[in-house]
Amino acid sequence: MKNKRIYLFLTLLLIAVFITVFCACNNNDTEYISAYEIAVKNGFNGTEEEWLKQLHTTNTVEKTPITYNTSVDSAHDVSVAANIGLKSAVSIYCTHTIITNSWFGQPQTKQAQSAGSGVIYSLEDNGSAYIITNHHVVYENSNNTSNHISDDIKVFLYGMEGNGYAIPATYVGGSLNYDIAVLRIENSVVLKKSIDARTVAAVEIADSNNVRPGQLSIAIGNPEAEGISVTSGIVSVDSEYIDMTAVDNRTKISLRVIRTDTAVNSGNSGGGLFDDTGRLIGIVNAKSGEENVENIAYAIPSNVARAIADNIIYYSPLMNKQCVMRVLLNVTVQTSGLSTTLSEEDGFINKIEQVTIASIMDGSIVKDKLEIGDIINSITIGDKTTQITRQYMFIDALLDARVGSDVKIGYTRNGQQETATITITQDCLAEY
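Numbering follows my numbering, in which position 360 of the sequence shown is assigned residue number 378; successive positions increment by one, without gaps.
FYI, nobody ran anything at the bench for these hints, they're computed from the structure.
Fair warning: there could be bad hints in the mix.
Claimed, not checked - Straight-line Cα separation of at most 27 angstroms, DSSO-like style, residue types lysine-lysine; simulated pairs:
hint : residue 1 : residue 2
1    : Lys426    : Lys385
2    : Lys387    : Lys426
3    : Lys210    : Lys128
4    : Lys211    : Lys128
5    : Lys369    : Lys385
6    : Lys426    : Lys402
7    : Lys172    : Lys105
8    : Lys339    : Lys270
9    : Lys387    : Lys402
10   : Lys172    : Lys128
11   : Lys369    : Lys172
12   : Lys210    : Lys172
13   : Lys270    : Lys105
14   : Lys402    : Lys369
15   : Lys172    : Lys211
All chains should be modelled from the sequences, with the hints used to inform the complete structure.
The following block contains the structure:
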(Lines of atoms letter the chains of each structure in order from A and count residues from 1; the text may use other names and numbers.)
(Lines give C-alpha, C1' and ligand atoms only; values in the text may rest on other atoms or scores of the structure.)
Protein backbone atom coordinates (compact mmCIF):
# COMPACT_ATOMS: atom_id res chain seq x y z
CA MET A 1 0.00 0.00 0.00
CA LYS A 2 1.26 3.44 -0.82
CA ASN A 3 1.28 6.38 1.56
CA LYS A 4 -1.80 8.41 2.19
CA ARG A 5 -0.89 10.94 -0.46
CA ILE A 6 -1.02 8.41 -3.24
CA TYR A 7 -3.67 5.99 -4.48
CA LEU A 8 -4.06 2.63 -2.76
CA PHE A 9 -3.22 -0.06 -5.33
CA LEU A 10 -3.93 -3.67 -4.50
CA THR A 11 -3.04 -6.37 -7.01
CA LEU A 12 -3.89 -9.99 -6.73
CA LEU A 13 -2.94 -13.52 -7.80
CA LEU A 14 -4.76 -15.01 -10.76
CA ILE A 15 -5.80 -18.19 -8.96
CA ALA A 16 -9.47 -19.18 -8.60
CA VAL A 17 -11.22 -21.95 -6.69
CA PHE A 18 -11.36 -23.88 -9.95
CA ILE A 19 -7.95 -23.50 -11.49
CA THR A 20 -7.52 -23.53 -15.27
CA VAL A 21 -3.94 -23.93 -16.44
CA PHE A 22 -3.88 -23.14 -20.16
CA CYS A 23 -1.14 -24.26 -22.53
CA ALA A 24 0.10 -21.12 -24.27
CA CYS A 25 2.28 -21.44 -27.33
CA ASN A 26 5.19 -19.23 -28.23
CA ASN A 27 5.75 -20.20 -31.81
CA ASN A 28 8.74 -18.16 -32.90
CA ASP A 29 12.18 -19.05 -34.14
CA THR A 30 14.09 -17.52 -31.24
CA GLU A 31 16.63 -19.90 -29.73
CA TYR A 32 16.77 -19.51 -25.96
CA ILE A 33 19.80 -20.33 -23.81
CA SER A 34 18.87 -21.55 -20.35
CA ALA A 35 20.05 -19.72 -17.25
CA TYR A 36 21.70 -23.00 -16.18
CA GLU A 37 23.74 -23.02 -19.40
CA ILE A 38 24.76 -19.44 -18.70
CA ALA A 39 25.85 -20.47 -15.19
CA VAL A 40 27.92 -23.36 -16.61
CA LYS A 41 29.61 -21.02 -19.06
CA ASN A 42 30.44 -18.78 -16.11
CA GLY A 43 32.10 -21.63 -14.24
CA PHE A 44 29.35 -23.46 -12.36
CA ASN A 45 30.18 -27.17 -11.97
CA GLY A 46 27.16 -29.33 -11.19
CA THR A 47 23.77 -30.56 -12.35
CA GLU A 48 20.87 -28.27 -13.16
CA GLU A 49 19.06 -29.52 -10.04
CA GLU A 50 22.06 -28.59 -7.90
CA TRP A 51 22.18 -25.16 -9.53
CA LEU A 52 18.47 -24.52 -8.91
CA LYS A 53 18.87 -25.59 -5.28
CA GLN A 54 21.77 -23.17 -4.87
CA LEU A 55 20.09 -20.30 -6.73
CA HIS A 56 20.10 -18.16 -3.62
CA THR A 57 22.88 -19.81 -1.66
CA THR A 58 25.73 -19.76 -4.19
CA ASN A 59 26.23 -16.02 -3.76
CA THR A 60 24.74 -15.77 -0.31
CA VAL A 61 26.89 -13.99 2.21
CA GLU A 62 28.21 -16.43 4.78
CA LYS A 63 29.20 -15.00 8.14
CA THR A 64 29.88 -16.49 11.52
CA PRO A 65 26.40 -17.24 12.85
CA ILE A 66 25.08 -15.22 15.74
CA THR A 67 23.52 -17.40 18.43
CA TYR A 68 20.17 -16.29 19.78
CA ASN A 69 18.50 -17.49 22.93
CA THR A 70 15.77 -19.72 21.53
CA SER A 71 14.62 -21.41 24.71
CA VAL A 72 10.97 -22.24 25.19
CA ASP A 73 10.46 -18.93 27.02
CA SER A 74 12.02 -16.75 24.31
CA ALA A 75 11.08 -18.67 21.15
CA HIS A 76 7.70 -16.96 21.17
CA ASP A 77 9.06 -13.58 22.26
CA VAL A 78 7.91 -11.05 19.69
CA SER A 79 11.02 -8.91 20.19
CA VAL A 80 13.40 -11.77 19.36
CA ALA A 81 11.51 -12.71 16.19
CA ALA A 82 11.03 -9.08 15.20
CA ASN A 83 14.72 -8.29 15.49
CA ILE A 84 15.54 -11.21 13.23
CA GLY A 85 12.96 -9.97 10.73
CA LEU A 86 14.23 -6.39 10.94
CA LYS A 87 17.57 -7.47 9.46
CA SER A 88 15.85 -8.25 6.16
CA ALA A 89 13.35 -5.36 6.21
CA VAL A 90 13.61 -2.36 3.90
CA SER A 91 11.50 0.68 3.18
CA ILE A 92 10.95 1.63 -0.46
CA TYR A 93 10.29 5.06 -1.95
CA CYS A 94 9.37 5.65 -5.59
CA THR A 95 9.19 8.76 -7.73
CA HIS A 96 6.72 8.74 -10.61
CA THR A 97 6.71 11.18 -13.53
CA ILE A 98 3.15 11.98 -14.52
CA ILE A 99 2.10 13.97 -17.57
CA THR A 100 -1.20 15.80 -17.34
CA ASN A 101 -3.02 18.41 -19.44
CA SER A 102 -3.33 21.98 -18.24
CA TRP A 103 -6.46 24.11 -18.55
CA PHE A 104 -5.19 25.20 -21.96
CA GLY A 105 -4.57 21.64 -23.19
CA GLN A 106 -0.83 21.87 -22.86
CA PRO A 107 0.96 18.86 -21.34
CA GLN A 108 2.42 19.39 -17.91
CA THR A 109 4.84 17.18 -16.04
CA LYS A 110 4.65 16.62 -12.30
CA GLN A 111 6.34 14.32 -9.82
CA ALA A 112 4.44 12.02 -7.48
CA GLN A 113 5.86 10.04 -4.58
CA SER A 114 4.82 6.68 -3.21
CA ALA A 115 6.14 4.46 -0.44
CA GLY A 116 6.07 0.83 0.55
CA SER A 117 8.15 -1.94 2.03
CA GLY A 118 10.19 -4.96 1.02
CA VAL A 119 12.33 -7.84 2.22
CA ILE A 120 15.88 -8.74 1.28
CA TYR A 121 15.68 -12.03 -0.61
CA SER A 122 19.38 -12.64 -1.25
CA LEU A 123 22.68 -10.94 -0.49
CA GLU A 124 26.08 -10.92 -2.11
CA ASP A 125 29.47 -9.96 -0.62
CA ASN A 126 29.85 -6.93 -2.89
CA GLY A 127 26.72 -5.23 -1.57
CA SER A 128 24.34 -6.51 -4.24
CA ALA A 129 20.94 -7.97 -3.43
CA TYR A 130 17.52 -8.99 -4.67
CA ILE A 131 14.49 -7.44 -2.96
CA ILE A 132 10.93 -8.81 -2.94
CA THR A 133 8.08 -6.34 -2.73
CA ASN A 134 4.56 -5.87 -4.10
CA HIS A 135 4.08 -4.97 -7.75
CA HIS A 136 1.72 -2.19 -6.76
CA VAL A 137 4.42 -0.57 -4.62
CA VAL A 138 6.47 0.37 -7.70
CA TYR A 139 3.59 0.77 -10.18
CA GLU A 140 1.66 3.94 -10.91
CA ASN A 141 -1.02 3.82 -13.58
CA SER A 142 -0.30 7.41 -14.65
CA ASN A 143 3.47 6.99 -14.80
CA ASN A 144 4.84 7.96 -18.21
CA THR A 145 7.19 4.94 -18.37
CA SER A 146 6.19 2.23 -20.85
CA ASN A 147 5.38 -0.29 -18.11
CA HIS A 148 4.15 2.31 -15.58
CA ILE A 149 6.92 1.23 -13.19
CA SER A 150 8.93 3.89 -11.38
CA ASP A 151 12.38 4.45 -12.84
CA ASP A 152 13.52 6.16 -9.63
CA ILE A 153 13.37 3.64 -6.78
CA LYS A 154 15.21 4.13 -3.50
CA VAL A 155 15.63 1.54 -0.75
CA PHE A 156 16.51 2.19 2.90
CA LEU A 157 17.72 -0.31 5.49
CA TYR A 158 16.28 -0.41 8.99
CA GLY A 159 17.92 2.21 11.18
CA MET A 160 19.43 4.02 8.18
CA GLU A 161 16.40 5.86 6.85
CA GLY A 162 18.03 9.24 6.45
CA ASN A 163 19.58 11.50 3.85
CA GLY A 164 22.73 10.04 2.39
CA TYR A 165 21.71 6.40 2.96
CA ALA A 166 19.35 5.89 0.03
CA ILE A 167 20.22 2.79 -2.02
CA PRO A 168 19.23 2.93 -5.71
CA ALA A 169 17.29 -0.11 -6.93
CA THR A 170 16.14 -1.21 -10.37
CA TYR A 171 13.10 -3.18 -11.40
CA VAL A 172 13.94 -6.76 -12.47
CA GLY A 173 10.39 -7.92 -13.13
CA GLY A 174 7.01 -8.52 -11.62
CA SER A 175 3.42 -9.50 -12.13
CA LEU A 176 0.26 -7.44 -11.86
CA ASN A 177 -1.69 -10.67 -11.40
CA TYR A 178 0.45 -12.02 -8.56
CA ASP A 179 1.29 -8.63 -7.03
CA ILE A 180 4.93 -9.56 -6.60
CA ALA A 181 7.92 -7.62 -7.92
CA VAL A 182 11.66 -8.16 -7.69
CA LEU A 183 14.16 -5.30 -7.38
CA ARG A 184 17.92 -5.41 -7.79
CA ILE A 185 20.60 -3.55 -5.85
CA GLU A 186 24.08 -3.45 -7.36
CA ASN A 187 27.33 -2.86 -5.45
CA SER A 188 25.91 -0.69 -2.70
CA VAL A 189 28.51 0.65 -0.27
CA VAL A 190 25.81 1.24 2.35
CA LEU A 191 24.59 -2.33 2.05
CA LYS A 192 28.11 -3.78 2.05
CA LYS A 193 28.97 -1.97 5.29
CA SER A 194 25.81 -3.31 6.89
CA ILE A 195 26.64 -6.82 5.69
CA ASP A 196 30.06 -6.55 7.27
CA ALA A 197 28.45 -5.30 10.48
CA ARG A 198 26.00 -8.21 10.34
CA THR A 199 23.04 -5.86 10.80
CA VAL A 200 21.37 -7.08 7.60
CA ALA A 201 20.62 -10.59 6.39
CA ALA A 202 18.66 -12.31 3.66
CA VAL A 203 15.26 -13.35 4.89
CA GLU A 204 14.74 -16.93 6.02
CA ILE A 205 11.59 -18.31 4.43
CA ALA A 206 9.20 -20.64 6.21
CA ASP A 207 6.97 -23.18 4.46
CA SER A 208 3.66 -21.33 4.30
CA ASN A 209 1.85 -24.65 3.79
CA ASN A 210 2.51 -25.20 7.51
CA VAL A 211 0.90 -21.93 8.64
CA ARG A 212 -1.90 -22.54 11.14
CA PRO A 213 -4.69 -20.29 12.47
CA GLY A 214 -3.83 -18.77 15.82
CA GLN A 215 -0.07 -18.68 15.38
CA LEU A 216 1.85 -15.48 15.96
CA SER A 217 2.21 -13.17 12.95
CA ILE A 218 4.50 -10.15 12.95
CA ALA A 219 4.27 -7.46 10.27
CA ILE A 220 7.35 -5.35 9.58
CA GLY A 221 6.92 -2.49 7.17
CA ASN A 222 6.82 1.22 6.46
CA PRO A 223 3.30 2.35 7.47
CA GLU A 224 2.35 5.87 6.42
CA ALA A 225 5.89 6.23 5.00
CA GLU A 226 7.18 7.10 8.46
CA GLY A 227 9.87 4.42 8.68
CA ILE A 228 10.07 0.73 9.49
CA SER A 229 7.98 -0.43 12.44
CA VAL A 230 6.66 -3.65 13.93
CA THR A 231 3.14 -4.84 14.74
CA SER A 232 1.98 -8.26 15.87
CA GLY A 233 -1.16 -10.38 15.94
CA ILE A 234 -2.18 -13.85 14.88
CA VAL A 235 -3.01 -15.71 11.71
CA SER A 236 -6.79 -15.67 11.31
CA VAL A 237 -7.17 -17.86 8.20
CA ASP A 238 -4.33 -19.93 6.74
CA SER A 239 -5.54 -19.73 3.12
CA GLU A 240 -8.43 -18.04 1.35
CA TYR A 241 -9.21 -16.16 -1.85
CA ILE A 242 -10.10 -12.50 -2.31
CA ASP A 243 -11.35 -11.06 -5.61
CA MET A 244 -10.45 -7.48 -6.45
CA THR A 245 -9.54 -5.08 -9.24
CA ALA A 246 -5.82 -4.95 -9.97
CA VAL A 247 -3.62 -1.89 -9.78
CA ASP A 248 -4.33 -0.98 -13.42
CA ASN A 249 -7.93 -0.28 -12.33
CA ARG A 250 -9.42 -2.66 -14.90
CA THR A 251 -8.08 -6.21 -14.54
CA LYS A 252 -10.17 -8.49 -12.31
CA ILE A 253 -7.99 -10.93 -10.43
CA SER A 254 -8.23 -13.45 -7.61
CA LEU A 255 -5.58 -13.69 -4.96
CA ARG A 256 -4.84 -16.52 -2.53
CA VAL A 257 -3.82 -15.00 0.77
CA ILE A 258 -3.19 -15.55 4.45
CA ARG A 259 -5.55 -13.51 6.62
CA THR A 260 -4.20 -11.90 9.78
CA ASP A 261 -5.43 -9.52 12.45
CA THR A 262 -1.99 -7.92 12.64
CA ALA A 263 -2.28 -4.16 12.19
CA VAL A 264 -1.14 -3.01 8.74
CA ASN A 265 -1.55 0.38 7.11
CA SER A 266 -0.73 2.26 3.95
CA GLY A 267 2.98 1.71 3.35
CA ASN A 268 3.11 -1.81 4.83
CA SER A 269 2.64 -3.30 1.37
CA GLY A 270 5.56 -5.43 0.24
CA GLY A 271 6.83 -5.91 3.78
CA GLY A 272 7.21 -9.22 5.53
CA LEU A 273 4.80 -11.16 7.70
CA PHE A 274 6.91 -13.28 10.04
CA ASP A 275 6.37 -16.19 12.42
CA ASP A 276 7.57 -16.50 16.01
CA THR A 277 11.08 -17.47 14.88
CA GLY A 278 11.52 -14.51 12.53
CA ARG A 279 10.96 -16.56 9.38
CA LEU A 280 8.90 -15.15 6.52
CA ILE A 281 5.40 -16.58 6.11
CA GLY A 282 3.99 -13.96 3.76
CA ILE A 283 4.34 -10.64 1.93
CA VAL A 284 1.78 -8.12 3.22
CA ASN A 285 -0.24 -6.65 0.40
CA ALA A 286 -3.74 -5.57 1.44
CA LYS A 287 -6.21 -4.79 4.20
CA SER A 288 -9.95 -4.59 4.30
CA GLY A 289 -11.12 -1.03 3.82
CA GLU A 290 -14.76 -1.63 4.65
CA GLU A 291 -16.14 0.78 7.22
CA ASN A 292 -17.53 -1.88 9.55
CA VAL A 293 -14.55 -4.24 9.33
CA GLU A 294 -11.61 -4.20 11.72
CA ASN A 295 -8.35 -6.13 11.96
CA ILE A 296 -8.51 -7.90 8.61
CA ALA A 297 -5.29 -7.77 6.61
CA TYR A 298 -3.84 -10.06 3.97
CA ALA A 299 -0.46 -11.41 2.92
CA ILE A 300 0.69 -13.40 -0.11
CA PRO A 301 1.93 -16.79 1.20
CA SER A 302 5.72 -17.06 1.34
CA ASN A 303 5.77 -20.17 -0.88
CA VAL A 304 4.09 -18.20 -3.65
CA ALA A 305 6.26 -15.11 -3.18
CA ARG A 306 9.44 -17.21 -3.25
CA ALA A 307 8.37 -19.16 -6.34
CA ILE A 308 7.41 -15.98 -8.22
CA ALA A 309 10.70 -14.29 -7.29
CA ASP A 310 12.69 -17.34 -8.42
CA ASN A 311 10.74 -17.42 -11.67
CA ILE A 312 11.45 -13.76 -12.41
CA ILE A 313 15.14 -14.05 -11.54
CA TYR A 314 15.46 -17.18 -13.72
CA TYR A 315 13.62 -16.02 -16.84
CA SER A 316 14.42 -12.28 -16.86
CA PRO A 317 17.95 -12.65 -18.31
CA LEU A 318 16.87 -15.63 -20.37
CA MET A 319 14.04 -14.09 -22.35
CA ASN A 320 14.57 -10.40 -21.70
CA LYS A 321 11.13 -10.18 -20.13
CA GLN A 322 9.99 -8.47 -16.95
CA CYS A 323 7.20 -10.85 -16.07
CA VAL A 324 6.40 -14.28 -14.65
CA MET A 325 6.62 -17.16 -17.13
CA ARG A 326 4.06 -19.56 -15.75
CA VAL A 327 3.79 -23.23 -16.73
CA LEU A 328 0.29 -24.10 -17.93
CA LEU A 329 -0.91 -27.68 -18.35
CA ASN A 330 -4.24 -26.97 -20.04
CA VAL A 331 -6.24 -28.76 -17.34
CA THR A 332 -8.63 -27.76 -14.58
CA VAL A 333 -8.59 -29.25 -11.12
CA GLN A 334 -11.27 -29.13 -8.48
CA THR A 335 -11.90 -30.04 -4.87
CA SER A 336 -14.14 -33.10 -4.83
CA GLY A 337 -14.09 -33.89 -1.11
CA LEU A 338 -13.34 -32.30 2.27
CA SER A 339 -12.15 -33.74 5.56
CA THR A 340 -10.04 -32.89 8.60
CA THR A 341 -7.36 -34.76 10.52
CA LEU A 342 -5.88 -34.24 13.96
CA SER A 343 -2.10 -34.20 14.10
CA GLU A 344 -0.80 -36.51 16.81
CA GLU A 345 2.48 -34.61 16.80
CA ASP A 346 1.29 -31.09 17.57
CA GLY A 347 -2.48 -31.37 18.09
CA PHE A 348 -3.34 -29.10 15.16
CA ILE A 349 -6.45 -29.69 13.07
CA ASN A 350 -5.47 -30.06 9.41
CA LYS A 351 -7.81 -29.39 6.49
CA ILE A 352 -7.72 -32.06 3.78
CA GLU A 353 -9.06 -31.54 0.26
CA GLN A 354 -9.40 -34.30 -2.31
CA VAL A 355 -8.14 -32.76 -5.55
CA THR A 356 -9.29 -34.28 -8.83
CA ILE A 357 -8.93 -33.58 -12.54
CA ALA A 358 -12.08 -31.74 -13.68
CA SER A 359 -11.27 -31.31 -17.38
CA ILE A 360 -8.49 -31.83 -19.89
CA MET A 361 -8.43 -29.59 -22.92
CA ASP A 362 -7.40 -30.45 -26.45
CA GLY A 363 -3.67 -30.19 -26.91
CA SER A 364 -2.89 -30.65 -23.24
CA ILE A 365 0.54 -32.08 -22.50
CA VAL A 366 -1.16 -34.55 -20.12
CA LYS A 367 -3.85 -35.60 -22.64
CA ASP A 368 -2.80 -39.26 -22.83
CA LYS A 369 -1.53 -39.51 -19.26
CA LEU A 370 -4.30 -38.23 -16.98
CA GLU A 371 -8.06 -38.67 -17.11
CA ILE A 372 -11.01 -36.74 -15.74
CA GLY A 373 -11.71 -37.95 -12.21
CA ASP A 374 -8.11 -38.90 -11.40
CA ILE A 375 -7.28 -38.03 -7.79
CA ILE A 376 -4.05 -36.03 -7.52
CA ASN A 377 -1.87 -37.30 -4.68
CA SER A 378 1.50 -35.66 -5.24
CA ILE A 379 3.65 -33.66 -7.61
CA THR A 380 7.43 -34.01 -7.91
CA ILE A 381 9.67 -31.46 -9.62
CA GLY A 382 13.37 -32.26 -9.43
CA ASP A 383 14.05 -33.63 -5.97
CA LYS A 384 11.10 -31.84 -4.34
CA THR A 385 7.88 -33.76 -3.75
CA THR A 386 4.72 -32.04 -2.55
CA GLN A 387 1.89 -34.13 -1.13
CA ILE A 388 -1.32 -32.61 -2.47
CA THR A 389 -3.64 -32.18 0.50
CA ARG A 390 -5.06 -28.80 -0.61
CA GLN A 391 -5.99 -27.70 -4.11
CA TYR A 392 -3.70 -24.67 -4.09
CA MET A 393 -0.66 -26.90 -3.50
CA PHE A 394 -0.90 -28.33 -7.02
CA ILE A 395 -0.99 -24.90 -8.63
CA ASP A 396 1.73 -23.48 -6.39
CA ALA A 397 4.06 -26.42 -7.07
CA LEU A 398 3.93 -25.79 -10.82
CA LEU A 399 5.47 -22.35 -10.26
CA ASP A 400 8.78 -24.15 -9.67
CA ALA A 401 8.70 -25.95 -13.04
CA ARG A 402 10.94 -24.74 -15.86
CA VAL A 403 11.29 -25.60 -19.53
CA GLY A 404 12.96 -29.02 -19.56
CA SER A 405 11.74 -29.96 -16.08
CA ASP A 406 10.41 -33.49 -15.60
CA VAL A 407 7.19 -33.27 -13.60
CA LYS A 408 5.87 -36.43 -11.95
CA ILE A 409 2.21 -36.41 -10.94
CA GLY A 410 1.12 -39.12 -8.55
CA TYR A 411 -2.57 -39.98 -8.90
CA THR A 412 -5.19 -42.58 -8.03
CA ARG A 413 -7.49 -44.06 -10.66
CA ASN A 414 -10.04 -46.76 -9.84
CA GLY A 415 -8.29 -47.38 -6.53
CA GLN A 416 -4.88 -47.89 -8.15
CA GLN A 417 -2.00 -45.48 -7.55
CA GLU A 418 -0.11 -44.44 -10.68
CA THR A 419 2.46 -41.87 -11.77
CA ALA A 420 2.39 -39.73 -14.88
CA THR A 421 5.63 -38.10 -16.02
CA ILE A 422 5.66 -35.10 -18.34
CA THR A 423 8.47 -32.87 -19.61
CA ILE A 424 7.75 -29.14 -19.69
CA THR A 425 8.21 -27.58 -23.14
CA GLN A 426 8.49 -24.02 -24.37
CA ASP A 427 4.86 -24.18 -25.49
CA CYS A 428 3.75 -24.59 -21.88
CA LEU A 429 4.81 -21.07 -20.91
CA ALA A 430 2.56 -18.07 -20.60
CA GLU A 431 3.32 -14.54 -19.46
CA TYR A 432 1.66 -13.39 -16.25
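(message) Just to be careful, I want the Cα atoms of Lys172 and Lys128 compared with a cutoff of 27 angstroms; is the pair within it?
(response) Holds, at roughly 19 angstroms.
(message) Hint check: Lys369 vs Lys172, CA-CA at most 27 angstroms. Holds or violated?
(response) The hint is violated at about 42 angstroms.
(message) What's the verdict on Lys426 and Lys402, does the C-alpha distance respect the 27 angstroms limit or exceed it?
(response) 10 angstroms, holds
(message) Holds or violated: Lys270 and Lys105, Cα atoms, limit 27 angstroms.
(response) Measuring from Cα to Cα gives roughly 35 angstroms; hence the hint is violated.
(message) For a C-alpha distance cap of 27 angstroms, please report whether Lys210 and Lys172 respect it.
(response) Holds, because 16 angstroms separates the two Cα atoms, which is no more than 27 angstroms.
(request) For the pair supplied as a hint, Lys339 and Lys270, confirm whether the alpha-carbon distance does not exceed 27 angstroms. (result) Distance of about 23 angstroms is within 27 angstroms: holds.
(message) Tell me if the straight-line CA distance from Lys369 to Lys385 falls inside 27 angstroms.
(response) Not OK: Lys369 and Lys385 at ~30 angstroms, beyond 27 angstroms, violated.
(request) Mind checking the alpha carbons of Lys402 and Lys369 for me, to see if they're no more than 27 angstroms apart? (result) Given that 27 angstroms is the threshold and the Cα spacing comes to 22 angstroms, the pair holds.
(message) Tell me if the straight-line CA distance from Lys387 to Lys402 falls inside 27 angstroms.
(response) 21 angstroms, holds
(message) Would the hint linking Lys172 and Lys105 be met if the CA-CA limit is 27 angstroms?
(response) 18 angstroms, holds
(request) Verify the proposed pairing of Lys210 with Lys128, using a straight-line Cα cut of 27 angstroms. (result) Distance of about 34 angstroms is beyond 27 angstroms: violated.
(message) Between the alpha carbons of Lys172 and Lys211, is the straight-line distance 27 angstroms or under?
(response) Holds, because 17 angstroms separates the two Cα atoms, which is no more than 27 angstroms.
When each numbered hint is compared with the structure, violations occur for hints 3, 4, 5, 11, 13.
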